[in-house]
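Q: My request is simple: use the sequences and hints to build the entire structure.
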Amino acid sequence: MKRLVCRLAASGLAFWLVASAPPASAADEATFYLERIEVDNAPPAIGAIVLSQSLLKEGSRYSETELRDALSRVRRLPLVRDAEFALHKGSSRGAYRLSISVERMSPFFLQGSSNLSLFNETVRLRETGRSLFDNSAAVGLRDSVGRQGMLFAGIGTTGSAYGELGYTQYGLFGTGGYAAADLQYSASGNVLVLPFLADPSLSGWEVGESFAARLAVGIPIRRNDSIRARYAHVQADARTVAPVFGFQPDTPAAITNGRLSIDQADLDWLYDTTDDALLPTQGLFVSAGPGTLKANTPESFPTVSPPPGQGPGPPPGPAAAQTTNTAYISLSATRYLPVTDRQTLLGSLQGYAGRTRVDQQPRATTFGLVGTLGHSMSLLSSSSSRDIDDLRLETFLEYTYDRGPPLPAPSYTRFERLRVGTGVVFRSRWALLRLGLSYAVFERGMQ
Amino acid sequence: MILAVLLLVGELSESSHPAVRASPQASWEEGSLRVRIPSQVLLDVEVRRVIQSGLTVTFLFDFAVPRARLERHARLEVRYEPWDETYLTSLLSQSQKREETFSSFDSLAQWWETLPWTVSGVPRLEGSSRAELKITISVVPFSANEERDARHWFAQSIEEPRDLGSPPAAGGPGAQSARDDMLGALITTAIKRRALRTFRWTVTIPEQERR
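Residue numbers (the numbering used here), protein chains in the order written: chain L, 1 to 447; chain C, 1 to 211.
Just so you know, the hints here were simulated from the structure itself, not pulled from any lab data. Just so you know, these numbers come straight off a predicted model, no measurement behind them. All residues carry an ideal CB built from backbone N, CA and C; glycine is no exception. It cannot be assumed that every hint is accurate.
[As the list claims (entries may be wrong)] Ranges of calculated distance between the beta carbons of each label pair, as one might list FRET restraints:
(1) L/SER91 x C/GLU100: 28 to 36 Å
(2) C/THR114 x L/GLY351: 51 to 59 Å
(3) L/PRO78 x C/ARG48: 30 to 38 Å
A: Next comes the structure, spelled out in structure tokens:
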């Protein structure tokens with residue numbers, strides 16, 4: 001595993017060296033004085049959103065690089081399928097009129113995914129075994145409301161039914177800022193596996209009703225830089241809990257009686273030059289900033305003790321409720337590098353380092369990283385891809401490492417996962433569908 | 001290994017062939033292989049539409065002689081200036097760097113058709129079958145032209161342009177100099193972007209006039 005990690009790191013370094021453009025002067029680039037900016041093919045509310053998110057101002061001068069960045073920002077908007085810029089003569093020589101033509105996404109949307117996950121060992125999730133077939137589907141509506149607002153609502157299923165309602169207000173603070181709120185309610189039947197830092201025992205929690213609320217505020221500070229603050233609260237009524245790994249056929253899940261919850265807040269600086277919010281083919285995305293994660297898990301009562309010496313099953317007595325608090329700093333960078341007309345390589349490195357306190361124990365240093373190498377290929381020819389929607393074959397290799405606080409069994413102090421996968425993604429102005437296959441190898445360590 | 005296989009499969013499947021009736025013409029002139037490209041590329045409806053946007057459109061030219069393992073690359077930028085109603089061009093290849101302005105689309109198309117693209121360093125190839133020249137033109141709209149800094153660095157690295165048809169700097173038949181390798185790699189890897197249109201041809205290199 002260590003040798004593989006070294007190779008991944010070396011590949012990643014080579015990727016970044018190839019992908020990084022050398023610095024140079026941009027002194028001779030043409031600039032254009034934009035006397036007027038117009039948005040075509042869009043109702044006034046969407047036109048106002050496009051205009052504010054472009055960050056372009058009438059009466060200012062822009063280079064082609066700045067116009068391209070503005071176009072990328074417009075194309076990343078969830079309600080925009082495609083957009084183009086064109087310059088026309090203004091009222092006096094040297095002045096231009098910029099026309100932004102927008103192709104809208106459909107107000108109706110359909111989302112679906114089917115994934116077959118294979119594992120190197122038996123895992124206990126919604127089903128128990130060395131594979132898991134996961135399906136999800138959702139339908140919904142999204143449209144502009146009021147002045148620069150966008151409302152969306154949807155219902156779906158991920159094994160249990162859920163409903164979601166969200167609202168985004170653009171054009172805040174007079175600078176192209178935005179605020180978004182999202183509420184989600186899910187009926188019973190899901191199995192949740194919390195983030196490693198929230199539950200180092202790597203348990204699968206079967207929950208009843210669950211509720212999630214998310215808030216986000218973003219403020220642009222330069223053409224590709226912005227500051228984003230996020231807060232998310234997730235809570236669920238827990239029913240049973242069982243370890244995901246170390247499966248024992250005779251060990252039933254422990255009974256729980258209480259609520260599990262996660263509160264996460266972060267404040268990030270973002271640098272984004274990607275050309276698409278969902279399926280980027282070029283550009284760089286970087287985020288960095290501090291955050292906090294607080295998780296509460298309820299008390300559990302095992303019904304049967306595992307045979308002695310047979311893995312990390314539930315403890316013999318009741319497992320106490322647990323609270324973990326982590327303050328961390330995270331850094332994430334993803335580079336999308338087009339290598340041919342229809343093929344893109346991606347390299348991504350995400351990491352965090354934090355201090356974690358479990359209940360009243362002393363704080364301990366925790367950290368983790370995720371490295372990904374990927375390849376994406378359009379299955380449509382360049383001549384047809386403007387008329388027919390995106391159809392891509394994606395392949396990835398991902399390595400995850402987490403180091404948790406030093407806790408006694410059944411908690412783990414180290415968790416590693418190597419995953420390789422492939423899939424087909426279809427996107428149109430009203431649908432996003434994914435079909436995937438992956439294989440994962442796990443490694444864990446206890447104190 | 002997996003990545004190499006994926007890239008190969010991707011390359012083999014990239015077979016978009018918009019209907020372009022005319023073919024490029026290859027001929028030997030003053031000891032060099034020169035190619036003239038039909039103006040249908042410029043006249044393609046979608047290509048002409050993006051040129052008229054007033055923002056820079058880039059044409060990436062890839063020439064390859066597989067039997068000689070030889071590749072040459074070039075780039076042509078075209079921008080329509082609405083106020084003067086002129087077309088500004090900037091041509092950059094491994095052998096030349098020049099800028100010109102045309103007063104109409106017709107004169108641009110005429111220049112395009114007569115412009116000789118030099119594929120330098122094509123060696124004498126022995127054998128019964130004729131050697132083929134593969135030509136690919138990718139039309140990249142301004143929005144996909146990401147690596148502007150890399151382009152400038154590349155442009156500055158050709159401060160001493162060589163004449164059309166000058167021999168390769170070093171190496172035997174079909175060999176490319178390290179400098180050519182580096183510049184070619186820069187054009188194809190740092191500049192090549194998601195294309196709006198891709199045109200491909202395979203033409204036979206005239207045998208009797210090969211050096």
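Q: Would you mind marking each hint as holding or not holding in the structure?
A: Here is what the structure says about each hint:
no.: 1; hint: L/SER91 x C/GLU100: 28 to 36 Å; in the structure: holds, 30 Å
no.: 2; hint: C/THR114 x L/GLY351: 51 to 59 Å; in the structure: holds, 56 Å
no.: 3; hint: L/PRO78 x C/ARG48: 30 to 38 Å; in the structure: holds, 32 Å
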